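Enquirer: Here's the letter readout for the chains.
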Amino acid sequence: MDAKKITEILHALSSKIDKEKEFLTELDNVIGDGDHGINMARGFKAVDAKIDTLETEDIGEILRTAGMTLVSTVGGASGPLYGTAFMKAGMTMSKKTQISLSDFLACLNAAVEGVKMRGKSVQGEKTMLDAMIPALEAMNKAIEQGLTSADVLKCGTEAARQGVEYTKTIIATKGRASYLGERSIGHQDPGATSFTNMLEAVYDYITA
Amino acid sequence: MDAKKITEILHALSSKIDKEKEFLTELDNVIGDGDHGINMARGFKAVDAKIDTLETEDIGEILRTAGMTLVSTVGGASGPLYGTAFMKAGMTMSKKTQISLSDFLACLNAAVEGVKMRGKSVQGEKTMLDAMIPALEAMNKAIEQGLTSADVLKCGTEAARQGVEYTKTIIATKGRASYLGERSIGHQDPGATSFTNMLEAVYDYITA
Amino acid sequence: MKKLINAVDQVENQMISGMVKAYPHYLTKLNCGNVVVRTEKKSGKVALISGGGSGHEPAHGGYVGTGMLDAAVAGAVFTSPTPDQIYEGIKEIATDKGVLMVIKNYTGDVMNFEMAREMAEMEGIKVEQVIVNDDVAVDNSLYTVGRRGVAGTVFVHKIAGALAETGADLEEVKEVAEDVIANVRSMGMAIRPCTVPAAGVPGFELKDDEMEVGIGIHGEPGTHRETLKTADEITDMLLDKILADLDYSGAETAVMINGAGATPLMELFIINNRVADVLAEKGIKVYKTFVGEYMTSLEMEGFSISILRLNDRLKELLDAPADTPAFKA
Amino acid sequence: MKKLINAVDQVENQMISGMVKAYPHYLTKLNCGNVVVRTEKKSGKVALISGGGSGHEPAHGGYVGTGMLDAAVAGAVFTSPTPDQIYEGIKEIATDKGVLMVIKNYTGDVMNFEMAREMAEMEGIKVEQVIVNDDVAVDNSLYTVGRRGVAGTVFVHKIAGALAETGADLEEVKEVAEDVIANVRSMGMAIRPCTVPAAGVPGFELKDDEMEVGIGIHGEPGTHRETLKTADEITDMLLDKILADLDYSGAETAVMINGAGATPLMELFIINNRVADVLAEKGIKVYKTFVGEYMTSLEMEGFSISILRLNDRLKELLDAPADTPAFKA
Ligand SMILES: Nc1ncnc2c1ncn2[C@@H]1O[C@H](COP(=O)(O)OP(=O)(O)O)[C@@H](O)[C@H]1O
Ligand SMILES: Nc1ncnc2c1ncn2[C@@H]1O[C@H](COP(=O)(O)OP(=O)(O)O)[C@@H](O)[C@H]1O
Ligand SMILES: [Mg+2]
Ligand SMILES: [Mg+2]
Ligand SMILES: [Mg+2]
Ligand SMILES: [Mg+2]
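Residue numbers (full-length UniProt numbering), protein chains in the order written: chain C, 1 to 208; chain G, 1 to 208; chain F, 1 to 329; chain L, 1 to 329.
What the hints contain is simulated information worked out from the structure, not anything from laboratory work.
From a predicted model like this one, the values you see are computed outputs, not experimental measurements.
Glycine included, each C-beta is placed from N, C-alpha and C at the ideal position.
Among these hints, one or two may not hold up.
[As the list claims (entries may be wrong)] Restraint ranges, calculated between C-beta atoms of paired labels, are given here:
{"#": "1", "chain 1": "F", "residue 1": "210", "chain 2": "G", "residue 2": "183", "range": "16 to 24 Å"}
{"#": "2", "chain 1": "G", "residue 1": "169", "chain 2": "F", "residue 2": "207", "range": "53 to 61 Å"}
{"#": "3", "chain 1": "L", "residue 1": "182", "chain 2": "C", "residue 2": "137", "range": "37 to 45 Å"}
{"#": "4", "chain 1": "F", "residue 1": "316", "chain 2": "G", "residue 2": "55", "range": "53 to 61 Å"}
{"#": "5", "chain 1": "C", "residue 1": "30", "chain 2": "L", "residue 2": "25", "range": "44 to 52 Å"}
{"#": "6", "chain 1": "F", "residue 1": "210", "chain 2": "C", "residue 2": "30", "range": "49 to 57 Å"}
{"#": "7", "chain 1": "C", "residue 1": "137", "chain 2": "L", "residue 2": "123", "range": "32 to 40 Å"}
{"#": "8", "chain 1": "L", "residue 1": "210", "chain 2": "F", "residue 2": "240", "range": "53 to 61 Å"}
{"#": "9", "chain 1": "L", "residue 1": "285", "chain 2": "G", "residue 2": "18", "range": "23 to 31 Å"}
{"#": "10", "chain 1": "G", "residue 1": "106", "chain 2": "F", "residue 2": "166", "range": "47 to 55 Å"}
[Unchecked claim] Mimicking DSS-like on lysine-lysine, the simulated pairs with C-alpha atoms at most 25 Å apart in a straight line are:
{"#": "11", "chain 1": "F", "residue 1": "29", "chain 2": "L", "residue 2": "282"}
{"#": "12", "chain 1": "F", "residue 1": "41", "chain 2": "F", "residue 2": "2"}
{"#": "13", "chain 1": "F", "residue 1": "2", "chain 2": "L", "residue 2": "282"}
{"#": "14", "chain 1": "L", "residue 1": "288", "chain 2": "F", "residue 2": "29"}
{"#": "15", "chain 1": "F", "residue 1": "288", "chain 2": "F", "residue 2": "315"}
{"#": "16", "chain 1": "L", "residue 1": "241", "chain 2": "F", "residue 2": "2"}
{"#": "17", "chain 1": "C", "residue 1": "120", "chain 2": "L", "residue 2": "126"}
{"#": "18", "chain 1": "L", "residue 1": "2", "chain 2": "F", "residue 2": "2"}
Work the whole structure out from these sequences, hints included.
Expert: This is how it looks when you write it as C-alpha cells:
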C-alpha cells in the first residue's frame, strides 16, 4: 500500500467521523462535556484539507502531518491524544513509501504507546485505550495465525467493539468523566467509540 | 396653640401619611419610581420618635427638628423638599411658644419659598407646589375675609385638592416624572397628593 | 428574586462594611450611615466628595484614595443619600483649600448634596460643586431636568482628583472638573434588568429578543426598545449618538466600555473591538481605553460607552498616579 | 441565548482583538490564533506563560504585563488551547533563563501544554511547568484526575511573576509557584448557569431556589445542589471546606472573593464582610483582600473564595509591583 492509498484511508476516516459526529457528541454529553464528535469532526476536516496539499510519497510524513493537524485543531483531551497517536505512528513509517500489514500493527502499537504516554493512562480507565489495546492484541494474534489482512482487521474491529462494551462496565478514572465517579458506570466511552469507528473505516476501505 | 398641640399635630400628620402610604406609592409607581409613600412613611415614623424626646416650648425648634429628621431619613427628592419646608417654617417660629393662624400661614409661605428654592421649581411643573401654592393663596384670601381658623383651613384643603386635579392635566418638567414627557399627562402628582393629605390632617385635628 | 444577600434591609451596610474590611488601608467608615473616607487624611489639598445611591459598585467607595476622591457617600440602593450623611463626609475631609462635590444630575442627588453644602458652609467650610450630565440618551429638552449623570463621572473623579492632589486651588479643581464634564459623553443599553432588593421584582421587563436602548444606571427607560441586534450594530447605534453630540474630529480621546453589572468581560471586549475600529476609521485617536465595571446597576446586563475628548492638560491628569481600590494608574 | 456578540464562531478572536486594542501598550497579539504577549519583551528573566479556554476573562490575557505573565494563550470557549498556539507563545517570549508554564489541572490543558513544552524543548528552549489544583470542592480521590485549578491561579501568576521579574532562575521561580500552589485553596458556588456561545443552551439548570455548591469554572458540577441559603450561610459552607483542607491557624493570608461573571460587586462585598468576620474570629489574619472578577465563567452568577497562606517571601512578592491590564500593584 502506498502514499496515495494512505491518503484515501485518511479521507475515509474523516467521512466516517463526520457521519458519527452527532452520536459521539451525544455519548460525550452523558459523561463528558458533549464536544467529542464536534472536536473530532473539526480536526478531520482540517486533515482532509491538509493532506491533499502534500506532495510526498513518504507515508511517515503523511501520518505525522495528520497527527500535527489533529493536535492543532481539535483541542481538549482528544486532540493531543489522537494527534500523538498519529504522529507516533508516522515516526515508525519515516521515509517509507510502502506500508505492510505488520507496519500497520507497528503503527498501532506506537499509537497506543503514544496515548499511554500522553494521557498518563493505562487500560481499564474507561478511555480510548480500552478499544485500542484489545484491538492491537487481537490483530497481533491474528497475524501470527497467518490470517489475511481483511481477517486480521476484522478481528481488530471485533475486539475494539468488545472494548467499547467493556467501558460501560467500569468507572472512569481519567478525563472529565472521572469527576462523575460511580455515575459513569453504564455509559460507553466516546473516545473508545471513535477509535472503533476509525478501525471500521479502515476495514471497509480494504475490503471494498 | 402651644408646643404640645404642635407636637400632637405632627403625630397626626404621621398617622395620616402612614394610612396613605400604599396609595402614594401606587401614584409614584405610575410616573416615578414607586417609593414616595415608603419614603414619606419612613420619614414621619422617625419624626414621631424624635419629637417625643424634645423638652422644649419653642415651636420653632420643634418644626426645625421635624424638618431635619425628614431630611436625614427620607432621601430622594421629597426628603430635602419637605425637610426644607418644615425647617423654613420652623425658622419663622423661632423662640415662639404660641402659634396663631397668621403664624401658620407665614409658616406655609416660608415652606413654599423653601420648596421653590430647594427644587428650583415654580407652579405648573406638576409637583407638590401645585397643591401648596393654591392652598396658601386660598387661605390668605380666607383670612382677609375674616373666616374662622377651621374655615380658612377648609378653603386651603379645597384648593389643594383642586391643585392635585390640575396636576393631572399637565406635563411634568421637574423630578423623575419629567423623563416621561407627554406620557405624564393624566396622572396626579404624588407629592401634591401627600401635601394635601397633610393639610387634611391639620384640618381634622383642629375641627376634632 | 435570587440574590447572594442576607436581608434586604442590610444590603447597603453589609456592602460598605465588606468593602472597608477588604481595603482597610484605603477606606475608613464613619459612624453615620454609609460614608467612607480615606484612611490617611490628606491635608493641604482640595478634598473631593461624591456619592449617590448604592448598587453602582465599585462606585463610589472604590474610587476613594490617592489621586481621586476623599470621601464617598452611599444612600439606599438607587436612592440619593441624605444631606446629614454627606455633611459628615464633608466635615471629615474638609481642608483649608475647600471641598468639591461631584454630583450626578438627578433631582434627589442635587438637592441632598446642596443641602449638605449649605450645612457645611454654615460651619465655615468652603464648598463648590459640579454636576455631571454625560448621558446623551434622553435629550436635554423642555420636558426634562437635563441629562443624567452616568459612567463619565469616573473621569471627573480621576482628573479632578489628580489636580486636587497637586495642591491646586478649589477654583482650578472645579474648573478642570467642568472641563471634563464639557468633554465627556456617554450612552448605554441593556438586555436584562436588575432587581432592587427592597422591591423584590425587576425594574422592567424585556422579551427574549428585546433590548432597551439609552437606559440609565437605575434602569430608567431610554430612547426606545427594539429587537436585539449584533454587538457591532448596537455599538454603532450608541456611537452614532455620542459622536453626533460633540465634535471629536481629530481629537485624542479616552474611551470607557462600562459593564452594567452582569455583562461578561468577553462581551465588553467584543464591543471595544468595534469601538476601536469605528473611531480609527473616523480619525478619532484613542489615547487610553478602560474596559470593565466602573459604574454598575446591580445585576443589570448591558453596557455603556463613554468618550472623553482630551486636551493636553486632561491627558496629563488622566495619566497622573491614582491609587484606590477600584482604579489604579 | 441572549448575548452581546456578533457570531458564535467569532467570539474568541473578537474578544482577543478587543482586548489588544484596549491595551496596546501592554499586549500584542501573535499571528497564530489567540495568543497575546507583552508588547515590550523583557529579556534576562524567566518568561511565564499561562492560558486555557476563553470565557474566563480577564484571565488570562489581562494578566500579561510587568510582574506577571509574559504570554497568555486562549483556546475556544472553555476548551484547552492547542499545543502549536502555546508553542508559538513560548517561542516568542523565551529567554536564556527559560520559560515557566502555569497550567490549571484539566486533562486537556495539561496535555496540550506538555506537548507545546516538548516542541519548545526540541528547539532548545528550557521549559518547566507547574500545575495549579486549588479547588477543594471535589475530593482528590481514586476516581478523579486530581483537583481542578481555579481562581487561586491568579496568585500563582502574581507571585511567580514577581520573582521572575527580579531575574531569578527558572528553578527558583518554579519553586515559588509550587509554594503558592501548596498554600492556596479555593471553592465556588453558583446560582445561575452560563451558556457557551457555540452550544447555545445553558450548561446546567437550577430551580429558582436552588444553588450548585462546589461548582467549577466551566460550570462543572461540584459537591451538591441544595436550596439557596443566605450569603453568610453559603460563605460559611465554603469557608468550612477551605479551612478544613489546610491549616491556616495563626497564619497571615491573602483572600480573593472572585465573581463568576454576572455577580454584582455589591454581593461580593457582602460575602467579604462575612469572610473577614469569620477569619478574624478564628485568629486568621487577612493581610490583603482582592474582591472582583479575576477568573470568570462567562455570565455565570456565583463566586469563589480563595485563601492563600502567606509566608514572608510570598507576602513580599504579592506586594511587589505589577502592571497589567487587570492587575496592578
Ligand atoms: N488520560 C487519558 N488517556 C486516554 N484517553 C483519554 C484520557 N482523557 C480523556 N481521554 C479520552 O478522550 C475522550 C474525550 O475527548 P473530548 O471530549 O474530545 O475531550 P475533552 O474531554 O477535553 O472534552 C474520552 O472519551 C477518552 O476516551
Ligand atoms: N424640583 C422639584 N420641586 C418640587 N417638587 C418636586 C421636585 N422634584 C420632585 N418633586 C416632588 O417630589 C415627588 C417625588 O418624591 P419621591 O418619590 O419621594 O422622590 P424621588 O423622585 O427621588 O423618588 C414628586 O411627586 C414631586 O411632587
Ligand atoms: Mg468532551
Ligand atoms: Mg471539551
Ligand atoms: Mg419616587
Ligand atoms: Mg426614589
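Enquirer: Each hint: holds or not?
Expert: Here's how the hints hold up against the structure:
1. F:210 with G:183: 16 to 24 Å: holds, 19 Å
2. G:169 with F:207: 53 to 61 Å: violated, 34 Å
3. L:182 with C:137: 37 to 45 Å: holds, 42 Å
4. F:316 with G:55: 53 to 61 Å: 58 Å Cβ-Cβ, so the 53 to 61 Å window holds.
5. C:30 with L:25: 44 to 52 Å: Check passed, 47 Å falls within 44 to 52 Å.
6. F:210 with C:30: 49 to 57 Å: violated, 35 Å
7. C:137 with L:123: 32 to 40 Å: Since the Cβ atoms of residue 137 (chain C) and residue 123 (chain L) sit about 37 Å apart, the hinted range of 32 to 40 Å holds.
8. L:210 with F:240: 53 to 61 Å: The hint (53 to 61 Å, Cβ to Cβ) is violated, given that residue 210 (chain L) and residue 240 (chain F) are roughly 43 Å apart.
9. L:285 with G:18: 23 to 31 Å: Given about 48 Å between the Cβ atoms, the range is violated.
10. G:106 with F:166: 47 to 55 Å: The hint (47 to 55 Å, Cβ to Cβ) holds, given that residue 106 (chain G) and residue 166 (chain F) are roughly 50 Å apart.
11. F:29 with L:282: Since the Cα atoms of residue 29 (chain F) and residue 282 (chain L) sit roughly 24 Å apart, the hinted pair holds (cutoff 25 Å).
12. F:41 with F:2: Since the Cα atoms of residue 41 (chain F) and residue 2 (chain F) sit roughly 39 Å apart, the hinted pair is violated (cutoff 25 Å).
13. F:2 with L:282: Not satisfied, since the Cα-Cα distance of roughly 30 Å exceeds 25 Å.
14. L:288 with F:29: holds, 18 Å
15. F:288 with F:315: holds, 9 Å
16. L:241 with F:2: holds, 24 Å
17. C:120 with L:126: Holds, at about 22 Å.
18. L:2 with F:2: holds, 19 Å
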